[in-house]
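Peer 1: Letter by letter, the chains look like this.
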Amino acid sequence: MRFSKKILTAAVCAACIAAPAAWAQTGKISNGVVKIGVMTDLSGLYADLAGPGSVLAAKMAAEDFGGKVLGAPIEVIAGDLQNKPDVASSIARRWLDQENVDMITDLTGSAAALAVVKIVKEKNRIAMVSSGGTTRLTNEDCTDRTVHWAYDTYALANGSARALTQEGAKTWFFITPDYAFGHSMEKDASEAIVAAGGKVLGSVKHPFPGSDFSSFLLQAQASGAQVIGLNNASSDLITTIKQAAEFGVAPKQRLVGMIFMITDIHSIGLKATQGMIYTDAFYWDMNGETRAWSKRFFERQKRMPTMIQAGVYSAVTHYLKAIKASGTDEAGVIMAKMKATPVNDFFAKNGKIREDGRMVHDMYLMQVKNSEESKQPWDYLKLLKVIPGDQAFQPLSKSRCPLIKK
Amino acid sequence: MFEWLGITPQGLYGQLLVGLINGSFYATLSLGLAVIFGLLNIVNFTHGAQYMMGAFVAWMGLRYFGVNYWWSLILAPLAVGVVGIVLELTLLRRLYRMDHLYGLLLTFGLALIIEGGFRQAFGISGEQYDIPEALTGATNLGFIFLPNYRAWVVAASLVVCFFAWFVIERTKLGAYLRAGTENPQLLQAFGVNVPVLVTLTYGFGAALAGFAGVLAAPIFQVNPVMGSNLLIVVFAVVVIGGLGSILGSILTGVGLGLIEGLTKVFYPEGSSVVIFVIMAVILLIRPAGLFGKEK
Chain A
1 MRFSKKILTA AVCAACIAAP AAWAQTGKIS NGVVKIGVMT DLSGLYADLA GPGSVLAAKM
61 AAEDFGGKVL GAPIEVIAGD LQNKPDVASS IARRWLDQEN VDMITDLTGS AAALAVVKIV
121 KEKNRIAMVS SGGTTRLTNE DCTDRTVHWA YDTYALANGS ARALTQEGAK TWFFITPDYA
181 FGHSMEKDAS EAIVAAGGKV LGSVKHPFPG SDFSSFLLQA QASGAQVIGL NNASSDLITT
241 IKQAAEFGVA PKQRLVGMIF MITDIHSIGL KATQGMIYTD AFYWDMNGET RAWSKRFFER
301 QKRMPTMIQA GVYSAVTHYL KAIKASGTDE AGVIMAKMKA TPVNDFFAKN GKIREDGRMV
361 HDMYLMQVKN SEESKQPWDY LKLLKVIPGD QAFQPLSKSR CPLIKK
Chain B
1 MFEWLGITPQ GLYGQLLVGL INGSFYATLS LGLAVIFGLL NIVNFTHGAQ YMMGAFVAWM
61 GLRYFGVNYW WSLILAPLAV GVVGIVLELT LLRRLYRMDH LYGLLLTFGL ALIIEGGFRQ
121 AFGISGEQYD IPEALTGATN LGFIFLPNYR AWVVAASLVV CFFAWFVIER TKLGAYLRAG
181 TENPQLLQAF GVNVPVLVTL TYGFGAALAG FAGVLAAPIF QVNPVMGSNL LIVVFAVVVI
241 GGLGSILGSI LTGVGLGLIE GLTKVFYPEG SSVVIFVIMA VILLIRPAGL FGKEK
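Here the protein sequences come in this chain order: A and B.
If you're matching positions, the first sequence starts at 1 in the numbering used here and goes up one per residue.
If you're matching positions, the second sequence starts at 1 in the numbering used here and goes up one per residue.
In short, the hints are calculated from the structure, not lab data.
Remember, it's a predicted structure, so these values are computed and weren't measured experimentally.
Take these hints with a grain of salt, some might be off.
To be verified - Footprint (simulated), chain A over chain B, 3 or more residues, beta carbon under 8 Å:
hint, region
1, 11-24
2, 46-60
3, 124-135
4, 213-225
5, 257-267
Using N, Cα and C, we set each Cβ at its ideal position, and we do this for glycine too.
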């Protein structure tokens, strides 16, 4: 008996040594599948700038990775959060508790994103936010399981406001939607304007959703400000720009969309948008890499990708790479690996995930082309300036994230 | 005179004019609703979708068939009216003897289905419809830079409103309509084909919504949800004016546009609420609305 016990011990020890290697092949992936949940607005206001395009981007990332990581299949599922935090929370709980989703991405709408990242942290999985824009995700509400990928309100407001003020547009007027995201956008932009030596002459807060903006535009005209900053988004922004053209706001005053997307430009047309300046994280026609990926995206979606959709692809790819490199899908290990590895793909060059979860990368100050400059469909933008990542995003020294030790 | 309010007279006139423009939209839309409610006793929640369809028909006409704005102004209301007539013949007709609620549920459901279909087909950002060549540009009135197209919108809607009022209140056809509202059985006994009258009235109400849609297309984005954004306000207008009252809906539409315009100057955050506050107050004082008759 003594002999067999020895053999048994040896066998167990051998197994202990051999096991990690074997697990690295398949066993270390919980439930034998890597499941990525794209939670987005599939049918509402943001369906064109995120929505089905974000789902496609995640699927493309999984396909390009070979459909498998460490021998386990990659599965992408989609959920419609309808821009409601309560709907988003219940989908998140179902996904994490019953459907073994490993990572949730996109997360349209700041309120929904804030609700979901808390649940994700509680269940020890990972959230990679591409749509939701609030800086609270990396400040008051930061967690060590959240990554904020494509943009945030600080980067957009700061980029456009600072660049234009420095260029000589010293006086501003804001048209701001009357909700929290709009207010924070106006605050961030105003600070950047004042810091750059400019002045905010006034602002008007309109109810959400708005239908007619001519009254607010008249007030903006009457203010005599050089720049009219528009803090509203999507269809409200589209209507405002369209009506600004009607009331002859340009060329006397400059319109700046603070949160503007290529799908908005496509929808309004160049006539009403030409010359507008805004900050973006991605444009399809930047270089060979962006063109190649965007072309593949376009073939399947029939629209060019927004920064949010490109961001989803980039985030999912970075996540899969981290799984492959660390040989597990345990959230803590993956997060450490993702933070330790620079992001290098068509979306970001030398991007870095900071301690507060912010993925720092270059942002771009873009200008909308006029109809003569635009040679083909979706040829809408030209690059004015690259805003280096360390200037684009809120510096860590100003962070209100409890994870940052000061 | 208005300096103490922090606004110049010029600024105020500008805002009033913008209010008048919006008011004429409200008037055209609420007129259609009032006509339908008056004769059919149906609360037509599909009105917003019909308005949206008017805008989309104009856009599709231009995009796919090269039909210009002026033809669209005639053809789009016709198309929307025909769709309305089909709805009336196939669905609404079955509900006349039932409670109001059934009509409300049916039309509300139809509105959701129609909007959902357009959303599926055209996405949410909407489509661009340019202002017709003849009406581009703007006139400087001194106190406001008035886009020519807006001036046209006011003129066109007021003419259509007047025309509708005239037909209903001053012609023989209108007399039949009003008689049909009061007592359909009696009118039928006099040899008037009431069901046909009802069908045509619904078609006409829908066509009015389609007409407003074409007028709106160049100002707003042609968007699947453009109607539902406006519909609630328009319902408030009809209720304030007095359900079923033609003149009431026209006058209230214009008046509320003006009040809303002023609110946007003095307290912009409240501009989406002011109409409903007025509605609540009016209903407390005059439950049948400003121009409605108590039954």
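Peer 1: Each hint: holds or not?
Peer 2: Against the structure, the hints:
For the region 11-24 of chain B, the assignment as covered by chain A holds, since 7 residues bring a beta-carbon within under 8 Å of that chain's beta-carbons and 3 suffice. Evaluation of the coverage hint for the region 46-60 of chain B: breached, as 0 residues show C-beta separations to chain A shorter than 8 Å, against a requirement of three. Counting residues of the region 124-135 of chain B whose CB falls under 8 Å from any CB of chain A gives 7; the rule of at least 3 is met. With 5 residues carrying a beta carbon less than 8 Å from a beta carbon of chain A, the region 213-225 of chain B meets the three-residue requirement, and the given coverage holds.
As drawn, the region 257-267 of chain B meets chain A at 3 residues by the rule of a beta-carbon pair under 8 Å; at three or more, the given contact holds.
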